[in-house]
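Visitor: Protein chains in written order, with our numbering: chain A, 1 to 444; chain B, 1 to 242.
No lab work stands behind these hints, which were simulated from the structure alone.
If you're wondering where the values come from, they're calculated on a predicted model, not measured in any experiment.
There may be inaccurate statements among the hints.
With a straight-line Cα cutoff of 25 Å, these simulated BS3-like cross-link-like pairs (lysine-lysine) come out [unchecked claim]: (1) Lys184(B) / Lys355(A); (2) Lys355(A) / Lys165(B); (3) Lys355(A) / Lys238(B); (4) Lys392(A) / Lys165(B).
Cβ-Cβ distance ranges computed for the label pairs, FRET-style [what the hints assert, rightly or not]: (5) Leu416(A) / Lys51(B): 50 to 56 Å; (6) Leu190(A) / Asn37(B): 36 to 42 Å; (7) Ile139(B) / Ala241(A): 47 to 53 Å; (8) Gly67(B) / Glu370(A): 35 to 41 Å.
Backbone N, C-alpha and C define an ideal beta-carbon position, used for all residues, glycine too.
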Amino acid sequence: MKRFKLYLAIFAGEAARFLLRLLKKDATSAPGKIAYRICPDILKEIDKRCKFKIIVSGTNGKTTTNNLINWIISPHKTILSNLKGSNMVNGIVSAFINNLKKDYDIACFEVDEGSLPVVTKDLKPNIFVTTNVFRDQLDRYGELDRVKELILSHINGALAVINGDDPNLASYSGEKKVFYSVDENALSRLANVTLDSRFCPVCNNQLEYTFYNVGHLGKYVCSQCGYKNPESRFLITNIKAKGDSFVFDFVDRENGIKIQDIRWKIGGIYNLYNVCAAMSVAMLLEIETDKIKERVETFTNKLGRMEEVEAYDKKVVISLVKNPIGMSETLKVIAEDPCPKAIVFILNDNAADGKDVSWIWDADFDILSEIKNIKALFFGGKRKEDMALRVKYSSFELKDFEFIDFEKDLKKVIRLEGVEKIYILPTYTALFKTKKIVENLKKP
Amino acid sequence: MELNIVNMFPEALNLYGDRGNIITLQKRCEWRGIKANIVEYSFNSNVDILKTADIILLGGASDREQGIMYSHLLNLKDLLKDLIEDGVCLLAICGGYQLLGEAYIDANQNVIKGLGILDFYTKSEGKRLIGNIVIETTIDVYPKTVVGYENHGGRTYHSYQPFGKVLKGFGNNGKDRFEGLIYKNVIGTYLHGPILPKNPHIADFMLKKALERRYALDSSEFQKLDDTLEYMAHNRVKELYM
């Protein structure tokens with residue numbers, strides 16, 4: 001009876017997928033939704049079919065980290081993964097339906113923080129990667145402390161791969177753990193506006209920082225109780241920033257291994273944390289170091305996280321923004337690029353974006369005034385006026401800008417003359433529409 | 001002219017973009033040629049900072065951070081009370097609003113003491129009240145509507161003048177259709193959003209009150225600004241959610 005239910009669920013899910021593909025619709029969530037409704041035990045089946053399981057969770061960087069782990073490991077093992085950012089139960093089950101096999105060497109799933117209780121009930125990870133905890137959609141997840149507890153309490157005895165530069169996560173008290181970190185570099189800052197977390201998780205005193213890499217990720221110490229960065233086993237160091245790419249070394253301190261001069265082509269210092277997490281996992285899985293290096297260097301991003309697409313005679317860069325730290329960091333990356341550019345902000349307030357748009361006020365928009373050569377500025381989405389208002393109240397002088405209906409007007413924007421690059425910064429529900437529009441304009 | 005604007009414990013009381021309120025007051029002063037001295041009142045600050053405040057902002061925080069703050073704030077109770085009686089402008093939001101009252105009664109009937117500056121209490125009752133909110137304010141401004149976003153578990157009950165009547169959303173307790181509290185120049189409210197950028201008439205109401213108190217300024221001397229964009233954002237919330 002139980003088996004019957006499972007097969008029915010898989011069949012129904014596959015049928016849904018077939019239909020969705022026929023209609024050229026997104027199949028990253030609906031097939032799983034149907035299958036899970038028919039057979040809520042389907043996660044147990046996925047658990048059984050995968051010999052080794054990895055979960056990636058945290059506020060930012062899940063999708064990139066998950067994709068990079070997959071990219072490094074896939075030449076060596078059969079792997080099941082939800083690569084498209086659909087990270088709730090439906091997304092995980094859909095990944096299984098869309099890539100059906102009897103068994104897999106490895107499963108690697110990114111899991112939404114709010115979905116951890118349901119997912120880890122049936123899916124027991126061997127490795128649990130935590131990226132970071134930042135202020136995100138408070139209406140969905142609650143306050144930062146609650147999110148931190150949510151993540152740490154679901155590691156459940158897995159080997160925890162923890163970002164040691166995040167003072168909240170580094171206080172994890174479980175025994176099986178390794179830390180990773182990113183060294184100080186030319187892009188580290190001595191002061192930081194977008195700070196979500198300033199207090200020692202042990203004694204509540206204010207933390208002191210030697211440097212900040214991203215938000216509250218950096219080198220910290222508590223002058224009261226001495227809490228500080230743990231000794232990290234894995235480390236990205238000797239970082240040289242070249243335009244919007246990096247060259248760096250990766251070190252495994254425990255085994256005295258150093259992988260030198262790794263070239264990484266995607267901008268943003270926050271990405272180095274994602275790279276460090278993914279490389280740590282690859283090292284733990286004992287993938288050969290030169291193979292790791294080769295894959296890291298050939299990784300390209302196709303998921304709207306600083307994704308570059310050519311359309312007409314332009315380069316279009318699409319970058320999902322969904323929380324203050326992500327917005328601030330994206331603006332910092334754009335500030336490194338001197339070329340003549342247009343910037344398009346698209347702010348929606350649907351459930352998946354977060355219905356509360358107040359987060360834009362916690363982002364550091366003063367960085368906009370450091371960006372050179374902004375030729376045009378556009379605001380789109382349901383809450384475009386809120387976004388424009390946020391910019392008006394930054395140190396950037398908001399003079400010429402245009403409100404757009406992005407689904408109609410994006411084509412026109414991309415044809416704009418006198419501009420080399422178009423940066424498009426959509427929230428979640430605008431991301432896929434944006435990608436679709438831009439991809440249809442790709443050079444033939 | 002200048003105004004001293006004091007942000008209370010910004011390292012902790014800074015939830016839901018409320019930083020935008022400070023930025024708004026600061027910019028709207030600058031645009032009028034009024035010098036805005038933004039001062040952060042923090043753990044080791046000198047209380048004299050508060051004594052010379054024209055406007056005080058008291059935000060909310062996560063439970064843990066609010067707990068850290070409480071003992072620090074309690075030391076300031078008498079001073080804050082005197083300042084309020086003297087007409088200082090105080091914007092207290094969400095947790096900061098609740099703190100002004102006598103007590104917060106949590107889900108397990110534990111009584112958590114507030115500062116007790118005003119005579120009211122807040123009770124935790126069931127699920128959080130979350131969503132876009134539009135109210136019709138009782139204070140003398142135009143337009144009458146105030147828009148924002150609320151997200152609170154506590155229900156507040158009081159018999160002071162409310163800040164407004166709820167047109168859409170929950171307000172103080174989801175029952176009596178009132179939102180917030182007005183006492184002298186204190187505005188207590190659950191409105192995030194943040195409240196001031198999209199409600200420039202409320203920001204200007206506070207600035208005017210502060211200038212009147214400090215300089216005995218006639219409000220006709222108060223320069224009007226171009227608020228087209230502000231009211232576009234304001235009206236969008238009404239259009240989408242009312």
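Visitor: If a hint holds in the structure, say so; if it doesn't, say that too.
Guide: Okay, the hints, checked on the actual structure:
no.	hint	in the structure
1	Lys184(B) / Lys355(A)	violated (33 Å)
2	Lys355(A) / Lys165(B)	holds (23 Å)
3	Lys355(A) / Lys238(B)	holds (15 Å)
4	Lys392(A) / Lys165(B)	violated (30 Å)
5	Leu416(A) / Lys51(B): 50 to 56 Å	holds (54 Å)
6	Leu190(A) / Asn37(B): 36 to 42 Å	violated (24 Å)
7	Ile139(B) / Ala241(A): 47 to 53 Å	holds (52 Å)
8	Gly67(B) / Glu370(A): 35 to 41 Å	holds (37 Å)
Violation of the numbered hints given earlier is confined to hints 1, 4 and 6; the remaining hints are satisfied by the structure.
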